[in-house]
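Trainee: Using the sequences plus the hints, can you model the full thing?
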Amino acid sequence: MSSTGGLKAYHLLIAGGAAAAVGGLVWYLLKDDKEEVAEKEAKDPEKKLTVDTATKGQVVEILNEILKSQEKMKGIMKELTTSMVKANVAFEEAYQRVKNVQPSDPLERYGLSMTDFDQLLDRYQNDPAVRESIAQIMGAGGPAGTSGPISQKAHSLQKDVIIKVHQFMLQELRSIVEQFQKLGNKSSYDMRTVTIAAQALVGAKVEEKFNLTSEDIEGAVLLNHAQLAVDPEFGRINVQMQDTMTHLMGMDGVGGFGGFF
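The sequence shown begins at 1 in our numbering and counts up by one.
Since the hints were derived computationally from the structure, they do not count as laboratory data. Mixed in with the good hints there might be a few duds.
[What the hints assert, rightly or not] Subject to a maximum C-alpha distance of 27 Å in a straight line, what follows is the list of computed DSSO-like cross-link-like pairs (lysine-lysine):
(1) Lys72 - Lys56
(2) Lys159 - Lys209
(3) Lys153 - Lys164
[What the hints assert, rightly or not] If you anchor each label on the Cβ, the simulated ranges turn out as follows:
(4) Leu222 - Asn100: 26 to 36 Å
(5) Lys86 - Arg174: 17 to 27 Å
(6) Gln152 - Lys86: 15 to 25 Å
(7) Lys72 - Arg131: 16 to 26 Å
(8) His155 - Leu183: 36 to 46 Å
(9) Gly184 - Glu132: 43 to 53 Å
(10) Leu183 - Val51: 28 to 38 Å
C-beta atoms are modelled at their ideal positions from N, C-alpha and C, and glycine is treated no differently.
Mentor: In structure tokens, the structure reads:
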């Protein structure tokens with residue numbers, strides 16, 4: 001795992017892969033878990049780590065926390081997206097909805113930046129426990145990592161339809177970025193929350209227009225992977241999605257990535 005690969009992996013773990021857009025969304029803890037975390041931190045105020053002091057075991061612990069958060073927040077994200085279908089939710093409202101259920105970044109609790117964590121992943125990249133934890137997190141992001149079967153809708157989707165859906169995703173994502181650019185107080189927004197809100201809005205628009213959930217789309221992409229992998233249009237769309245998300249996360253006038261996908 002290169003340094004860049006590690007950073008991209010963390011983006012995916014927390015915010016959801018730009019290439020997958022709404023599919024493979026990565027989320028955090030339930031709102032009720034905030035009190036538990038706060039209580040734990042109060043009992044353990046010296047939990048802050050540095051790149052020099054963090055051990056392999058602590059890196060694995062952080063990865064395990066990310067995995068648990070991801071699994072819980074997938075359900076929360078599904079509820080958020082469903083609640084926005086046909087509701088014509090503005091970006092600011094979507095942002096507040098996400099903010100209400102989203103606790104702090106695990107890295108923030110440990111006092112680590114994105115770059116710090118990338119260095120740690122790079123340092124322990126050959127350790128079996130670290131590699132296994134990363135594989136579990138990446139696998140949990142899509143149908144292959146879930147206990148349920150791939151949906152019937154996913155089986156029915158052909159390559160051309162999948163590409164059409166992704167073209168629509170890109171269009172909606174760009175529209176959301178334009179909305180965010182027009183805000184006069186962008187610096188007050190947490191970019192992790194912005195990213196999640198954007199993906200929830202895109203997911204709602206896709207579900208409204210195509211009657212497809214993120215799980216349907218993920219499953220269809222998985223089933224048609226061989227064809228999509230060599231399709232230039234699908235590749236172009238994914239690159240543009242990545243560029244759009246990167247632009248959103250690094251937009252002028254906004255602080256970094258909010259501590260972390």
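Trainee: Quick check: does the Cβ-Cβ distance between Leu222 and Asn100 fall within 26 to 36 Å?
Mentor: 32 Å, holds
Trainee: When you check the alpha-carbon spacing of Lys159 and Lys209, does it fall within 27 Å?
Mentor: This hinted pair holds, its Cα atoms lying about 18 Å apart.
Trainee: Taking 27 Å as the top limit, are the C-alpha atoms of Lys153 and Lys164 close enough?
Mentor: At roughly 15 Å apart (the allowed maximum being 27 Å), Lys164 and Lys153 satisfy the hint.
Trainee: Given the hint of 15 to 25 Å, is the C-beta distance from Gln152 to Lys86 inside that range or not?
Mentor: About 23 Å separates the Cβ atoms of Gln152 and Lys86, which means 15 to 25 Å holds.
Trainee: Kindly confirm whether 16 to 26 Å is satisfied by the beta carbon distance between Lys72 and Arg131.
Mentor: Hint holds: Cβ distance 23 Å, inside 16 to 26 Å.
Trainee: Starting from Lys72, check that the Cα of Lys56 is at most 27 Å away, please.
Mentor: 25 Å, holds
Trainee: May I ask you to test the hint 17 to 27 Å on the CB atoms belonging to Lys86 and Arg174?
Mentor: Check passed, 21 Å falls within 17 to 27 Å.
Trainee: At the C-beta level, are His155 and Leu183 separated by a distance inside 36 to 46 Å?
Mentor: Holds, since His155 and Leu183 (Cβ atoms, about 41 Å apart) stay within the stated range.
Trainee: Quick one: are Leu183 and Val51 within 28 to 38 Å, going by C-beta?
Mentor: For Leu183 and Val51 the Cβ distance comes to about 34 Å; the hint holds.
Trainee: Okay, Gly184 versus Glu132 on CB: inside 43 to 53 Å?
Mentor: 46 Å, holds
In summary, the structure agrees with every hint in the numbered list given earlier.
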